[in-house]
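Here is what each chain is made of, one letter per residue.
Number of protein chains: 2
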Amino acid sequence: MSTYRKWTLAKHPSGVPSEDCFALEDFTPDALSDGQVLIKTHYFSLDPGMRGRLSGDSYAAGLKIGDTIESAGIGEVIDSKSERFAVGDMVMGGLGWTQALTHPDRGLQKLDPALFDDKVAMTATIGVLGVPGLTAWFGLQDLGQPQSGETLLISSAAGPVGATCGQIGKTLGLTVIGIAGGADKCAYLSGLGFDAVIDYKAEKDLTKAIATAAPNGVDIYFDNVGGTMLDAAILNMKPKGRIVISGQVSEYNNETPIGIRQTTRFITHRLRMEGLVVYDYAKQFVQAQAAMAALIRDGKLAYKEDISEGIEDAPREYAALFAGANFGRRLIKAS
Amino acid sequence: MSTYRKWTLAKHPSGVPSEDCFALEDFTPDALSDGQVLIKTHYFSLDPGMRGRLSGDSYAAGLKIGDTIESAGIGEVIDSKSERFAVGDMVMGGLGWTQALTHPDRGLQKLDPALFDDKVAMTATIGVLGVPGLTAWFGLQDLGQPQSGETLLISSAAGPVGATCGQIGKTLGLTVIGIAGGADKCAYLSGLGFDAVIDYKAEKDLTKAIATAAPNGVDIYFDNVGGTMLDAAILNMKPKGRIVISGQVSEYNNETPIGIRQTTRFITHRLRMEGLVVYDYAKQFVQAQAAMAALIRDGKLAYKEDISEGIEDAPREYAALFAGANFGRRLIKAS
Numbered sequence: 001m002s003t004y005r006k007w008t009l010a011k012h013p014s015g016v017p018s019e020d021c022f023a024l025e026d027f028t029p030d031a032l033s034d035g036q037v038l039i040k041t042h043y044f045s046l047d048p049g050m051r052g053r054l055s056g057d058s059y060a061a062g063l064k065i066g067d068t069i070e071s072a073g074i075g076e077v078i079d080s081k082s083e084r085f086a087v088g089d090m091v092m093g094g095l096g097w098t099q100a101l102t103h104p105d106r107g108l109q110k111l112d113p114a115l116f117d118d119k120v121a122m123t124a125t126i127g128v129l130g131v132p133g134l135t136a137w138f139g140l141q142d143l144g145q146p147q148s149g150e151t152l153l154i155s156s157a158a159g160p161v162g163a164t165c166g167q168i169g170k171t172l173g174l175t176v177i178g179i180a181g182g183a184d185k186c187a188y189l190s191g192l193g194f195d196a197v198i199d200y201k202a203e204k205d206l207t208k209a210i211a212t213a214a215p216n217g218v219d220i221y222f223d224n225v226g227g228t229m230l231d232a233a234i235l236n237m238k239p240k241g242r243i244v245i246s247g248q249v250s251e252y253n254n255e256t257p258i259g260i261r262q263t264t265r266f267i268t269h270r271l272r273m274e275g276l277v278v279y280d281y282a283k284q285f286v287q288a289q290a291a292m293a294a295l296i297r298d299g300k301l302a303y304k305e306d307i308s309e310g311i312e313d314a315p316r317e318y319a320a321l322f323a324g325a326n327f328g329r330r331l332i333k334a335s
Numbered sequence: 001m002s003t004y005r006k007w008t009l010a011k012h013p014s015g016v017p018s019e020d021c022f023a024l025e026d027f028t029p030d031a032l033s034d035g036q037v038l039i040k041t042h043y044f045s046l047d048p049g050m051r052g053r054l055s056g057d058s059y060a061a062g063l064k065i066g067d068t069i070e071s072a073g074i075g076e077v078i079d080s081k082s083e084r085f086a087v088g089d090m091v092m093g094g095l096g097w098t099q100a101l102t103h104p105d106r107g108l109q110k111l112d113p114a115l116f117d118d119k120v121a122m123t124a125t126i127g128v129l130g131v132p133g134l135t136a137w138f139g140l141q142d143l144g145q146p147q148s149g150e151t152l153l154i155s156s157a158a159g160p161v162g163a164t165c166g167q168i169g170k171t172l173g174l175t176v177i178g179i180a181g182g183a184d185k186c187a188y189l190s191g192l193g194f195d196a197v198i199d200y201k202a203e204k205d206l207t208k209a210i211a212t213a214a215p216n217g218v219d220i221y222f223d224n225v226g227g228t229m230l231d232a233a234i235l236n237m238k239p240k241g242r243i244v245i246s247g248q249v250s251e252y253n254n255e256t257p258i259g260i261r262q263t264t265r266f267i268t269h270r271l272r273m274e275g276l277v278v279y280d281y282a283k284q285f286v287q288a289q290a291a292m293a294a295l296i297r298d299g300k301l302a303y304k305e306d307i308s309e310g311i312e313d314a315p316r317e318y319a320a321l322f323a324g325a326n327f328g329r330r331l332i333k334a335s
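Going down the list, the sequences are from chains D and G. Position 53, counted from 1, in the first sequence is what this note's numbering calls 53; the numbers after and before it change by one each time, with no gaps. Position 15, counted from 1, in the second sequence is what this note's numbering calls 15; the numbers after and before it change by one each time, with no gaps.
Any given hint could turn out to be false.
Computed list of lysine-lysine pairs in BS3-like fashion (alpha-carbon distance at most 27 Å, straight line) [unchecked claim]: (1) 238(D) / 208(G); (2) 240(G) / 283(D); (3) 64(D) / 300(G); (4) 300(G) / 240(D); (5) 283(D) / 11(D); (6) 64(D) / 208(G); (7) 300(G) / 283(D); (8) 64(G) / 208(D); (9) 238(D) / 283(G); (10) 238(D) / 170(D); (11) 208(G) / 238(G); (12) 300(G) / 283(G); (13) 300(G) / 238(D).
Please keep in mind that the hints were generated in silico from the structure rather than gathered at the bench.
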């Protein structure tokens, strides 16, 4: 058997996860049991939203010391004791930060190579067609309840969820305003067709900046950030506005959460705020992926991938996500 | 013409409204124009939820200096230049802290004396059958989406909204837990059939106290308080729990709002939080009032009124509401 490498949890982080929270281990996969497959990972993702599970706090079942770090991934079946998968099949699933893994033949999606071409890369299945894109799709359409002509505000808009959400919003006839940090990200969003962009790093008063960009108020706030940015959005919501809580990246590394202050607005403006777990929509995934792939081929949905090579760098790249340095879907080529 | 007295706004309060924020004025009503009625107030209410409108801040249209303080009231038409109302008619509407007023013949509900008896007092129309009761009725049923067997948690449960909400919850097959301050209020709620009562003044850790009372978690939190109590409830919500924001009495007197910290729970537990403005349901009021009156006559919905006599005391009694001293619907006999 070959030897592979994987990242496991060495200690529960507090704050932004430092490199000593992770351990790079060599391992040799066990022999397969019936109903198992051996997968060689091609790419895995770095997910800010997974941060909470590293803490192992008492409220949510989290990772234990020694567990492989979780992530989405795509890989190739290189050995199989299952009738469901043959050697050579490409699969997508929760593979983790590892070069290979033994996996039951459930919870994996077989990828049809014919679906991918020069416009839709196979890596899109863990990006714009994966959890980030599906989060944007169902969060905006099911929780946001958009009506053509309404105004949509998106935080962390240059991230894979936010950028997808904004482009879907344009196809639905919404006025789309993005919040992002820095001129590069703002230019990227303008290029995607966003109607207005707010560079939060350049604004002293975000509440006023939103009011300027959306003088008639915001109908839907698609929130990936939380904290003070969420409060600034709440103060600009129209009556009966909907707030979709997709991510809270400003909170994940806080020992004491920041939260929001403007709860009385929920009464005076009849606001609704709702959280999203994308797996609730699992039965509709295939349909949504087909619709988004069509938008990509029609040139209405662009996506950006930020791929680096080598499993060694995963912890450092993961910490960098919280500094807001990159944009696009953050992937690691595992070889 | 007779002379009457009314309370007007003398200055915008900060914090709990002090007596010098109000001015007691003598006045003589102007002669009626066509389409107007003169109403002699019998009772008016003291509403914590009106507090925000006293501040006259920039976000919500509030009262101006010299405006009559707003409240619900019932009164008698003593002069009429309208075909819609005759002298002697009893009416309910937004009469204010005044012994009499000139009012257009719109926005008033004529009360049928035959609907009231020794079980349902006419004052109930500005209490259990008025805004507080209707807030409980629509907030619980429309925003709470209760299913028989679920667990309902209510803050400020001994207030007119909370106590009504809990009793409606029992008729819907819910397990009902109330949070109130002090042994008297808790005993009152137990007498109303609440399954469990938490005396927040006697608990050091409200989050744990809720967990003890609701070991399997809370499906619906009907919130009249906000702030730290709302956070404690959020930490006990079941996945897909619904939070109804009915009031935020812990916030109304704060210069800097307290707010909540636990927004990431909206993702991990798919929570929904929604504010209520009862007037959105105006077309269904008559039907709901009839249903609640039937519950009262069946002995399934008790209500408590806390009536004091004399318009002079209104500002002092209003400030006392925020100290949590009273319970039941707080009314003033205006004569």
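To see whether the hints hold, each was checked on the structure:
no. : hint            : verdict
1   : 238(D) / 208(G) : 36 Å, violated
2   : 240(G) / 283(D) : 18 Å, holds
3   : 64(D) / 300(G)  : 51 Å, violated
4   : 300(G) / 240(D) : 33 Å, violated
5   : 283(D) / 11(D)  : 36 Å, violated
6   : 64(D) / 208(G)  : 25 Å, holds
7   : 300(G) / 283(D) : 43 Å, violated
8   : 64(G) / 208(D)  : 25 Å, holds
9   : 238(D) / 283(G) : 23 Å, holds
10  : 238(D) / 170(D) : 20 Å, holds
11  : 208(G) / 238(G) : 15 Å, holds
12  : 300(G) / 283(G) : 25 Å, holds
13  : 300(G) / 238(D) : 39 Å, violated
In summary, the numbered hints that this structure violates are 1, 3, 4, 5, 7 and 13.
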